[in-house]
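Q: Which chain is which? The protein sequence lines are P and S, in order. Here the first sequence stands for residues 7 to 661, numbered as in my numbering. Here the second sequence stands for residues 7 to 661, numbered as in my numbering.
Rather than coming from a laboratory, the hints here were simulated on the basis of the structure. Keep in mind that a hint or two might mislead.
Which copy is meant is left open, so a pair is good if it fits within one copy or across any two.
[What the hints assert, rightly or not] Simulated pairs of lysine-lysine, PhoX-like, Cα-Cα distance not exceeding 20 Å:
1. K9 - K113
2. K19 - K500
3. K9 - K553
4. K146 - K419
5. K97 - K113
6. K169 - K215
7. K535 - K19
Number of protein chains: 2
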Amino acid sequence: MSKQRTLRIECGKPNQVIYVLGTVLNIDIYKPAPLGSQSFEVRCSPGVKCSISDLHNITVAADDAKRWTLNNGTLLVVTMEKISNDLNDNKVTIIFYGDKLDKPIDKIILQLTAVYISLDVDADRDGKVEKNNPNKGSWKWGPNGHGAVLLVNSDKEAHTTAKYDRSDDTVPIFEDLADMSQMILRTEGPKFLLPDYKLQLYISASDGKKVQVFRHDLTKMTKVLGTTMLSSVMDYTKGNNEYNFFIEGLTFPDEAIGSLVAFNLSLLEPMIVGYAPIFTEHVVFCLAPWIMTPNTLAPQEVFVCSVRDNATFLKEFTAVVEKAKCKLTVCNEDVNRNDRWIQDEIEFGYSEAPHKTFPVVFDSPRNLGLEMFPYKKLLGPDFGHVTRTSDQRSGLDSFGNLEVSPPVTVNGKEYPMGRIIIGNAFPNISDRKMTKAVRDFLYAQTVQPLIELFSDWLFVGHVDEFLTFVPAPDRKGFRLLLASPDACCKLFMKLQQEGHGEAQMFESENINAKPVKINEILSNEKLRKDNAYVQRCVDWNRDVLKKELGLDEEDIIDIPMLFKIEYLQRAGAFFPDMVNMIVLGKYLGIPKPFGPLINGECPLESAVRSALEPLGLDCNFINDFASYHLHLGEVHCGSNVLRKPFAFKWWNMEI
Amino acid sequence: MSKQRTLRIECGKPNQVIYVLGTVLNIDIYKPAPLGSQSFEVRCSPGVKCSISDLHNITVAADDAKRWTLNNGTLLVVTMEKISNDLNDNKVTIIFYGDKLDKPIDKIILQLTAVYISLDVDADRDGKVEKNNPNKGSWKWGPNGHGAVLLVNSDKEAHTTAKYDRSDDTVPIFEDLADMSQMILRTEGPKFLLPDYKLQLYISASDGKKVQVFRHDLTKMTKVLGTTMLSSVMDYTKGNNEYNFFIEGLTFPDEAIGSLVAFNLSLLEPMIVGYAPIFTEHVVFCLAPWIMTPNTLAPQEVFVCSVRDNATFLKEFTAVVEKAKCKLTVCNEDVNRNDRWIQDEIEFGYSEAPHKTFPVVFDSPRNLGLEMFPYKKLLGPDFGHVTRTSDQRSGLDSFGNLEVSPPVTVNGKEYPMGRIIIGNAFPNISDRKMTKAVRDFLYAQTVQPLIELFSDWLFVGHVDEFLTFVPAPDRKGFRLLLASPDACCKLFMKLQQEGHGEAQMFESENINAKPVKINEILSNEKLRKDNAYVQRCVDWNRDVLKKELGLDEEDIIDIPMLFKIEYLQRAGAFFPDMVNMIVLGKYLGIPKPFGPLINGECPLESAVRSALEPLGLDCNFINDFASYHLHLGEVHCGSNVLRKPFAFKWWNMEI
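Make a model of the complete structure from these sequences and hints.
A: Structure representation (structure tokens):
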């Protein structure tokens, strides 16, 4: 729709008008008509299109040969299609007649200068700023959508004291421009313009908190918009010009922070009191969300901690990472301060714009020994960092409690980047919950809609204690693995029936644990009841996951596992928790369960192998007993994986 | 969709199951099958429906005559349709066979008790709580929508010290129940149930801030849910029962406060560790918004202040109110403390649920002399009150700057309750703006989507200084009146041309002002330029209103008016501002402009009459010169009108 502009004119006065291409001038010609006027004629230069709209909204092309009756409400509607070569080079003359049809009473002359003004962005998301995209003023999701994208400048290109590149008022280093989105103000028109007109670029106060804008001249880079600078005024003296702006996002979408940012441009006409805007347009950007990467995406780099007592574990773990041909980065004790839970401290993800993509680590509010690790070892050139803090954090804020499913389609609704999964107290009533700051942040990213599971039944309370996803060549491209006391009991009962009741768990020389017989486990009434309860809790989640991820029973694999209720009436692993594995493509690093040995084989490991190997997966059991399991975590809790981004672009999602 | 429940069973154990009508039990029968099982039979009581789902998700009805091959993944799917008469009165027997087809190896017996549990609300919005509405768990806007409605208990039935009825933990007086929404928990089933089952009603912490729930027993009313009570557990001992709850909203929708509230119900089964939920459902309420009433709605009661110097005004004003047959309430000086701007202190509206509707006054953060008026004179039985405060308030937070349009349809989109109109600084850059607290509140009400106009060019800064709406029998049912310097200049020029240039404004004995000639006005270059600027500002708003309300030129009437730029480079009325009128049905109370008298008639008044009287409107000019105009306000600023609610129900709006 063209922009309408009401224009007032006067008889006998010079009426100089700057006309912006694409607008429509509505001019009341009844009010300014001289006394006694009864009809009028309109004459235009060839570059001007005029039409008459009367009280009944009947619009007809104005015609030199024709005279029109003047009525209260008669409007002259003026448009132009070509840029003026010179100031006032187009003209509209309105001639008024009274009784005498051959003698004009008076006339009004409109001197028009047509200019082109366009604030341009990459609204078609191809990495280039096109000219005057008709959709630049709005955001639309989906493959047929439009709207420009803004990256949060969450990385740190330069070795300055600033925390992030966006932390100060300058562009720290030339490379940083590549992280920003470009915006161009293009003008075309005659060489000389009317004096004292201005161009004003401005944002709302709430948007001002989200962005910082730099203007790039040949010789310098100047901050022109930001938190305390909501407006930037430029002289409009040259008809042809190009102003280059670079924009960085200051904050990821969050509860009180919408993801859209609008930039307004006005052409200001000098008035007795300051300036009056005579043309306004706006462009819209969407802040790129933080995106999580499920286990089905290719691993790029694996992280693990070296602590006082995990040398043996590290050796076995390294072997699996090498087998998967991944880069391994070991975080040493000077940085981890004997905190081995690198899964809990951070979650790797990324942020993407058509012009640039880089990994962004989400740093949990947990902040124990590993607190400084993401700042010291991750944040850097093209490696972003975002965090949320809270005074009311609990164990549920550790990111072992933050996972993401592979892509799914549920009742026809597509989740092309999967769904974020967190654990919470529901359907229990408990004070323990993921803190609002983290939850709100996750919800606000929008592209991986959350599923909230019930994890409060666990002492540690993390979803990675009872579920994981592994890639699969068939069906939906993955399987959901769930820890299953039921499967374990059934397996042990079968072994008992087969005469292996005296076989013992924890018999290995490699661990320091009291062996326990299958018969003892099966006759332990407390353990049986504990696990019936745990199974009920896992089943609750199973039903939620089936519904929310659109899974069939065949998409789920039960991994034998036992829990015990000890701490604060909550559950912990009875033996190393096999679902708490690391997934590196087809290579799995699984906590070694140290089950009973039957003919030299562990039936727990065999059960896992026989369930997963047909999917092309390579099961590697790692001894994490002393160094992780006894500290209430396992392989997954003690490692982390940076993965490749999705090929799918988030803005192509239908929301 | 039926609720799926994964159920685990064991051979040789009693398997007593409480089945809730409407759920589907999924039972893995492969895992619990005894060693050597190869096939199975299923036998059910007549009340039980069983089917078999195998790995390939092929579901067939279980048939007594048929034996099934047992496969890994074979599920037994169980549903029931009738409530049990006695505990365990339904049975499913699964018989396992090995090699010998005539000799069962073992069997599992499931003892089923079917119960009905339903948390019920008025989801069809007819004022009555129906039984188990299938849509009770969600909210849908529109005439074909559904979802229960909750009123904010913003009134004050009882003469207690509490600020509002909702302010304490009790139901102050029986009548207060009528303001609340009812919720009923209905259960049906056998007289005796398994011991120790519980029913739990609970809400999330964020919803807990929005509501308070009372349980009504025959003899008492007990608070069971609220800000610090997120859960209420009841014994589930009787099969047939009805629990009555009454719910009051604690807060209107606002930026950080979504309008939906969910109540969850769980059936809890006793476990070794507390309880496990085996059935959950939820119902959803929407908090009723605060709704504004445009000038086209019938007036019910008119409010005005009596102050030291407005006796003459009051007399003329009263006459108009009597003519319109409205109740008039005069706020006296002991309450208004010489503050006459009752339009600025409050805005009347209402809140509506299917079971109850009452007026609610929105109290501005302005809080000058009239600060206590809404508490002392308005808040009471079935008269609600809501306010927002801010430390950063400005003149734009006075409610002369808060208006609402009549219902409109814009490009096919219906606004059946009109659109809220506020004034702001855009397209100017200025620190002065409506405070976030008020703006957020208005946006959050949703049903009258906002239009933000440019009012910062005015010294006082209110939209009612340049616009109003009057009812009309034709077109869209109303006209938009806009203050027009252009119309006034044209009128004066015409008078000058007709030889009345020496006629004077302000010549009346009833006012104490220096007369000024039409010739003087027209030759005052500063005044001319001031008004050219003002016209530009009004035109900006005209173009916005045409677009946002879908108006044609013919829907707009220009009311002659002049402004002067004096205070802080901003505009004020040069003579009493006629658009700042009070609209009482067809009766208008208009500031008397004290224009020049030509043949005993004021051409300004005549222009207004001739524009409005053809619409059936009755123009009454009131002298507000000394008592309002010279204090920078007029009739509208000094009065307020309580109007009838819309016949249209807000939940029928398509959003």
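Q: Each hint should be assessed against the structure and marked as holding or not.
A: How the hints compare with the structure:
no., hint, in the structure
1, K9 - K113, "neither (27 Å within a copy, 78 Å between copies)"
2, K19 - K500, "between (103 Å within a copy, 17 Å between copies)"
3, K9 - K553, "between (48 Å within a copy, 9 Å between copies)"
4, K146 - K419, "both (18 Å within a copy, 19 Å between copies)"
5, K97 - K113, "within (12 Å within a copy, 99 Å between copies)"
6, K169 - K215, "within (17 Å within a copy, 37 Å between copies)"
7, K535 - K19, "between (95 Å within a copy, 13 Å between copies)"
When the structure is compared with the earlier hints, a violation turns up for hint 1 alone.
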